[in-house]
Amino acid sequence: MNWLKGPTSKKYRNNLFKILLISILVVAILQLIYITGGTKMVFVQLLYIPIILSSLFWGTYSGLIAGVVCGILVGPFIPLDVPNGIMQDPINWISRLLIFLLIGFLTGYMFERINRLNLKSPFYNLPNAQKLLRDIEERSKSKEKFKLFSIKLTNLNDIEKYVDNKLVFAIVDNLAKKLSHCCGRNAIYSYEKDELIILACKSCNYDYEEKIKEILEDYFDFPVSMGGYKIRVSLKVGIYEYKGEEITPIEIYNKARIAYEQGEEKESGLYYYNVDLESRRREVQNITGSLLESIDRNELYVMYQPKIDIINNRISGVEALVRWKRNGNEHIGPNIFIPIAEEIGFINRIAKYVFDSATTQINNWKSKGIDLKCSINTSVNELIDDNFTAWAKDIITSKNLERLDFEIEITERAIAYDDKKLIEKMYFLKELGYKISIDDFGTGYNSLMSINEIPFDKLKIDKYFIDRIHKIEIEELVKHFIEYAHTFDKIVIAEGVETEEQLNILKRLNCDEVQGYYYSKPLLPEELVEFYINFNKGNLIKK
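With the UniProt record's numbering, letter number 289 in the sequence shown gets 289, and the count goes up by one each step, no holes.
Just so you know, these hints were derived from the structure itself, not from any lab. Using N, Cα and C, we set each Cβ at its ideal position, and we do this for glycine too. Check each hint, because a few of them may be wrong.
Mimicking EDC-like on lysine to aspartate or glutamate, the simulated pairs with C-alpha atoms at most 20 Å apart in a straight line are [unchecked claim]: (1) K521 - D467; (2) K435 - D386; (3) K352 - E293; (4) K325 - D296; (5) K193 - E267; (6) K193 - E160; (7) K177 - E192; (8) K507 - D489; (9) K213 - E195; (10) K366 - E526; (11) K120 - E195; (12) K393 - E409; (13) K420 - D386.
Have a look at the derived ranges for each label pair, beta carbon to beta carbon [what the hints assert, rightly or not]: (14) D296 - E192: 34 to 40 Å; (15) M41 - N14: 31 to 37 Å; (16) N286 - N125: 37 to 43 Å; (17) D296 - K213: 47 to 53 Å; (18) D296 - I370: 27 to 33 Å; (19) K143 - D89: 56 to 62 Å; (20) F17 - G37: 30 to 36 Å; (21) S367 - E501: 37 to 43 Å; (22) S180 - K145: 21 to 27 Å; (23) E144 - A28: 40 to 46 Å; (24) E192 - A28: 44 to 50 Å.
Generate coordinates for the entire structure from the input sequences, incorporating the hints supplied.
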C-alpha cells in the first residue's frame with residue numbers, strides 16, 4: 001500500500017485520519033459488544049461499518065485486511081456470553097470471519113469497479129476528464145515538465161448528423177489506436193465526444209512529438225476511408241507545454257484548449273499556446289458582459305468626423321463613429337469592441353443605436369441651420385436584412401428626414417462582386433435614394449474592373465495608401481484609383497489625411513474630398529457646431 005508514503009503530503013494526512021477513524025470505530029464497537037453481553041448480541045454486525053469503509057477508502061485488499069482483523073478481534077478474544085463466561089465455539093467466530101472476508105472482498109471489488117467506471121469515458125474505451133485532471137495533478141505536483149495535446153475534431157457533429165452517427169465512434173477509435181502506437185493507450189484521454197487529449201509521457205522527446213504531429217497531419221491532408229465513405233476529418237490541435245508553474249490541472253487543460261481556438265473554426269492545424277492569446281481571450285470575456293449592458297447604461301455615444309470638399313473648400317458631411325466609455329472612465333476602442341459585438345450577435349443593436357442617434361443629431365443641426373449629410377458604417381448582414389432597412393426607413397420618416405441625408409458605408413472587404421443578393425440590395429437602396437460609399441478601398445479583393453459592377457456613389461481610399469502617398473508607386477496607384485472612379489462620375493474621398501503634404505498631393509491628383517486629423521478629429525455634436533462655424537468663417541486652426 002503506497003498510501004503511507006510521503007509523511008508531509010496531503011494524501012498522507014488524509015489516509016492517517018481515515019486509519020484513526022476506522023481504529024476508533026473498531027475499538028468503540030468492540031467495547032459496545034463487550035458491555036452489552038458479548039457476541040450473542042446484534043451489535044457485532046456493526047463491524048461491517050469499518051470493513052466497508054476500508055474497502056471504500058483503499059479497495060479490495062484493505063477490505064480483506066479489515067475483515068481478517070475484525071474477525072479475529074471479535075473471535076476468540078470476546079466471549080459469546082460475557083456475564084456467564086461462555087466462550088464462542090471456533091466454528092462461530094471462524095464462520096463470522098469468513099463472512100467478514102466476503103463482505104470486505106465484495107464491497108472492495110464493487111467500489112473499485114465504480115471508481116474505474118467513474119474514470120472511464122462514456123463514449124470510448126478511454127480514460128475520461130476526471131482521470132486526466134487527476135493525472136495532471138500528479139505530474140504538476142512533482143513539477144515534472146510535460147506537454148498536453150488537445151485534439152478537437154471540429155466536424156464530428158456534421159459527420160454524425162449528415163453521414164452516419166456510427167462512423168463517429170469508428171473515426172475517434174481509429175485515431176486513438178494510431179496515436180497509442182507512439183504514446184501508449186494510457187496517455188490518451190477522452191474529454192468530450194469530439195475531443196481527445198494526449199498527456200505526454202515522462203520519456204517524451206522530440207521524436208515522440210514529431211510522431212504525434214505526423215499522425216495528425218495525415219488526417220489533415222488525406223480523407224479517411226471508413227464504412228464505405230471517404231471522409232475528411234477536421235482536426236484542430238492545441239499544444240501546451242507545462243514548465244512547473246503554480247497552476248491548477250483545469251488551468252493547464254484550458255491552456256491547451258485556448259491554443260486550438262486559433263485559426264478558423266473548422267480549419268485543421270497545430271497551434272501552440274502563448275500568453276498573449278490567453279490575455280486577448282480574457283479581455284474578450286471581460287468586455288463581452290459589459291458590452292451587453294453598454295446601451296442600457298448609456299455608455300455608448302456617437303462622435304462625428306467632418307468630411308471636407310477640397311475642391312469647393314466646404315464641409316460636405318460627417319461620418320458617425322460609435323465610441324464606448326465603460327464604467328464612465330475607461331475608453332474601449334471600436335477596433336476592440338466592434339469585432340466582439342459581431343461575434344456575439346450584438347452588432348445589430350449597436351447599429352440601430354448609431355442610426356437613431358445620428359438621425360436625431362441631424363435634426364438638431366438642421367434646426368440650427370446646419371445641413372450636413374451623415375455617413376453610417378453598415379455591415380453586410382444589416383444591409384441584406386429587410387427588417388433592419390424597414391426599421392431605418394421608419395426612423396427617417398418619423399424624424400421628417402430624407403434618405404439623401406444619409407450615406408451608407410460598407411467596407412470593400414465585405415463585398416464580393418458575385419454576391420447577387422448583396423448587389424441587388426445595394427441597387428434597391430440606391431433606387432430608394434440612399435447614397436452608398438465603398439469604405440477602405442484598396443484593402444479588399446475586388447479589382448478596379450469588378451468594382452464597377454457594384455453600385456456606389458463614393459470611393460473611400462483606405463488610410464494605408466494615404467500614409468504612404470509620398471512614395472511614387474503609391475501616389476501612382478492612388479492616381480489610378482481617382483481617375484478610374486472619375487471615369488464613372490464617382491466621388492473619391494481619402495481617409496486618414498493628417499499632413500499638409502498628403503493634402504497637397506491629393507489636391508494635385510484631383511481627389512474630391514478628404515477626412516482626417518489634418519482638419520479635425522472626431523467631434524462631439526456641440527464641438528461639431530463650433531467647428532462648422534469656424535470653418536465657414538475661415539477661422540479654422542489646423543491641428
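Holds or violated: K325 with D296, Cα cutoff 20 Å? Holds, because 13 Å separates the two Cα atoms, which is no more than 20 Å.
Per the hint of 47 to 53 Å, is the separation of the Cβ atoms of D296 and K213 within bounds? With Cβ atoms ~49 Å apart, the hint holds.
Can you confirm whether the C-alpha distance between K193 and E267 stays at or below 20 Å? 19 Å, holds
Can you let me know if the beta-carbon spacing of E192 and A28 is within 44 to 50 Å? Holds, since E192 and A28 (Cβ atoms, about 47 Å apart) stay within the stated range.
Next pair to validate is K366 with E526; report whether the Cα-Cα distance is within 20 Å. Between K366 and E526 the Cα gap is close to 13 Å, so the pair holds against 20 Å.
Agreement of K193 and E160 with the hint, judged by alpha carbon distance not exceeding 20 Å: 11 Å, holds
Is the hinted pair K213 and E195 satisfied, with a Cα-Cα distance of at most 20 Å? 16 Å, holds
With the threshold set at 20 Å, check whether the alpha-carbon distance from K521 to D467 stays at or below it. At roughly 16 Å apart (the allowed maximum being 20 Å), D467 and K521 satisfy the hint.
Does the Cβ pair E144, A28 satisfy 40 to 46 Å? Taking Cβ atoms as reference, E144 and A28 lie about 43 Å apart, which means the hint holds.
Are the Cα atoms of K393 and E409 separated by 20 Å or less? 16 Å, holds
Are K352 and E293 close enough, with their CA atoms no more than 20 Å apart? Holds: K352 and E293 sit about 15 Å apart, inside 20 Å.
Could you say whether the range 56 to 62 Å given as a hint is met by the Cβ separation of K143 and D89? 59 Å, holds
Every hint from the earlier list agrees with this structure, and none is contradicted.
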